[in-house]
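Undergrad: First to last, the sequence lines map onto chains A and B.
Under my numbering, think of the first position of the first sequence as 1, with each following residue one higher.
Under my numbering, think of the first position of the second sequence as 312, with each following residue one higher.
The set of hints was computed from the structure by calculation and includes no laboratory data.
In this text, all values refer to a predicted model and were calculated from it rather than measured experimentally.
Among the clues, some could well be false.
Coverage of chain A stretches by chain B, computed from C-beta distances (three or more under 8 Å per stretch; other residues unrestricted) [stated by the list, open to error]:
{"no.": "1", "segment": "28-39"}
{"no.": "2", "segment": "42-49"}
{"no.": "3", "segment": "111-117"}
{"no.": "4", "segment": "161-169"}
Here are a few chain A residues that sit away from chain B, every Cβ distance over 10 Å (derived from the structure) [as the list claims (entries may be wrong)]:
{"no.": "5", "residue": "W6"}
{"no.": "6", "residue": "P84"}
{"no.": "7", "residue": "W276"}
Ideal placement from N, C-alpha and C gives every residue a C-beta, glycine not left out.
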Amino acid sequence: MHTLVWIAAAVLTTLICGAVARAGDADSGSPWRVALTRLRDNHVAFLALCVIVGLLVMAVLAPWLAPYSPIAQPDIVRLKNLPPSLAHPFGTDFASRDVFSRALYGARVSLSVALLAIVVSASVGTAYGAIAGYVGGNVDTIMMRLIDAALSVPRILLLIAVLALWAPVPLPVLILLLGLTGWFGVSRVVRAQVLSLRERDMVVAARALGASDRQILWRHILPNVLSPVIVSITLGIANVLIVEAGLSYLGVGVRPPAASWGNMILDGADEIASLWWISTFPGLAIVITVMAFNLLGDGLRDALDPRQVDG
Amino acid sequence: MTSPASAPLLKVRELSTWFHTGRTVARAVDSVSFDVMPHETVGLVGESGCGKSVTSLSILRLIERPGRIEPGSRIEFEGRDLLSLDDRAIRDIRGNRISMIFQEPMTSLNPVFTVGDQIAEVARVHGTASRHEARERAVDMLQQVGVPAPAERAREYPHQLSGGLRQRAMIAMALMMHPALLIADEPTTALDVTIQAQILELLAELQERVGMSILLITHDLGVIAESASRVLVMYAGQIVEEAPVRMLFAAAHHPYTEGLLSAMPRMGDRRERLTVIPGTVPSPTEWPAGCRFHDRCAYAWDRCRVETPPLYQIGTGHVSRCHLAAEPARRQFPHAAAAGGAAPAS
């Protein structure tokens, strides 16, 4: 089969995790290094990180790792709905497609949608929160009330409405929509952090030494809000994954024949009792990935706790 | 010492900084005037809440809303009117011609950058050096402020340094551009006593070498005695006494200054308890009428409750905001407690 590529993927994953562990060894006072060391020493979080690295490597190498094409339907009569076997580790679905190959390609779609969407969310949220927190006063009040208003609309409902009316949605638009409906939490976190940082002695000191608002924002405020942003990005990825899976399951997210973990569950949903493998394996993939991101997020929160970095 | 002919480096006239919150106005600094001469160290003392920090922040225009420097205030530095400068021009002065160091070296440094980075940043902000030059000057500054192994220290993060070293790093940042005036706002308050003395010595030595003036803000008369040549005593937003340091310790005139001096422990002191000034600083939203110190003063009489005392001339370079200057005989009759009936706290 593709044994060599699989071995390469395993080696790559090990190398990356090993590099992270070694970077945590360095005896440096840098707060980032200190956090890395703390993360490495947290076994659960480090394991979660390795799982995520492994998943990413598999997603990137999917075309070479997958034993079959994810969309080809070799024989929809004789090869359909086969239970897991050596030839088809996760079985085949109603269209005789290999579920394992589809799950690998699905990882590509689901992970890249989640990662890109969170990049959009984090950028918009950080910028919005930083402006609200730094400018303060009435601007802050108005900006935050707008967020409250936006948060009162259920995200899934809004997305279903937009996506159903706009079908079929190209992937970049789906990513943008997910990103633009997911930044409210980040902006609240950033704004709260900026509000407290703005009053810090170091900001007054920087101003007394002649720094401008822009310099203060870039040098003193943003680097210090990075930790909570990183944590909320990590936890946010898990959330976007679930939302995307849910939308795809409802048929308005990633469209077939492209595979996403969400629409794969939909493929097997009608026959879940008899043809359990079609839905179960993508479902497990979602569970494992979401759990890994959540555990990593928790670990990062502990590792990046500024109260432990100072002192 | 300064020659009488030289022009003041910093001239503060009628400085009023008020905080407007809703219906009340806190007159934190109220018509304060003083000079700082070139190469001179001026001490500014007073209790917490008397307005000394607001005064220093006002000089650099670092007052934020709801605080406001009131019209009519004037601050002149090197012949320029600081209050009329635009934002860019005042930023050019900050950290460059006038620098400031703060009480808390623990929180005044950015935890995510190395100490060297942050010192170098000052030169970068003022656009005078390349990255590499700035870096070298940062190490050089650390050496000048007496940090051992400056090259290694420059690569460390603030949390790896002790309080004394951090304050030295702050001083290095402040002096990077060779300012003409250093405002030191309680620079030693957060430090151990032994470190305090070292930092004060360092400031004196640097002043000698660089030829700058220092405005030293403190509540500690001991620090003043060690470092300043002239003292301004602030109370309730006003300057209540100004004198050369020796004259102040030998013959303080204002009852508030007297109180501060007798509250200070001294060598060979046989007192079991330190004397305290009864009561507390009144609220800046409602300064008492007349003399602002009258309800804590042991000499206060009717006149003090109605008539605001001007700054009376007591001697050469010595002024005092107290009616005792007009009626010195009254000093013979202190009464036991202040009008508020406050018992001496212990």
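Undergrad: It remains to establish, for every hint, whether it holds in the given structure.
TA: Hint check results:
1. Counting residues of the segment 28-39 of chain A whose CB falls under 8 Å from any CB of chain B gives 4; the rule of at least 3 is met.
2. Coverage of the segment 42-49 of chain A by chain B is violated [criterion: at least 3 residues with CB-CB distance below 8 Å; count 0].
3. With a threshold of 8 Å between beta carbons, the proposed coverage of the segment 111-117 of chain A by chain B is violated, since 0 of its residues qualify and at least three are required.
4. Check on the segment 161-169 of chain A: 0 of its residues sit with their Cβ under 8 Å from a Cβ of chain B, so the three-residue criterion for coverage is violated.
5. Interface exclusion of W6/A from chain B stands, the closest Cβ pair being 40 Å apart, more than 10 Å.
6. Distance check for P84/A against chain B: the nearest CB is about 50 Å away, which clears 10 Å, and the non-interface claim stands.
7. The Cβ of W276/A sits about 50 Å from the closest Cβ of chain B, beyond the 10 Å cut-off, so the non-interface label holds.
Hint violations for this structure: numbers 2, 3 and 4, all remaining hints satisfied.
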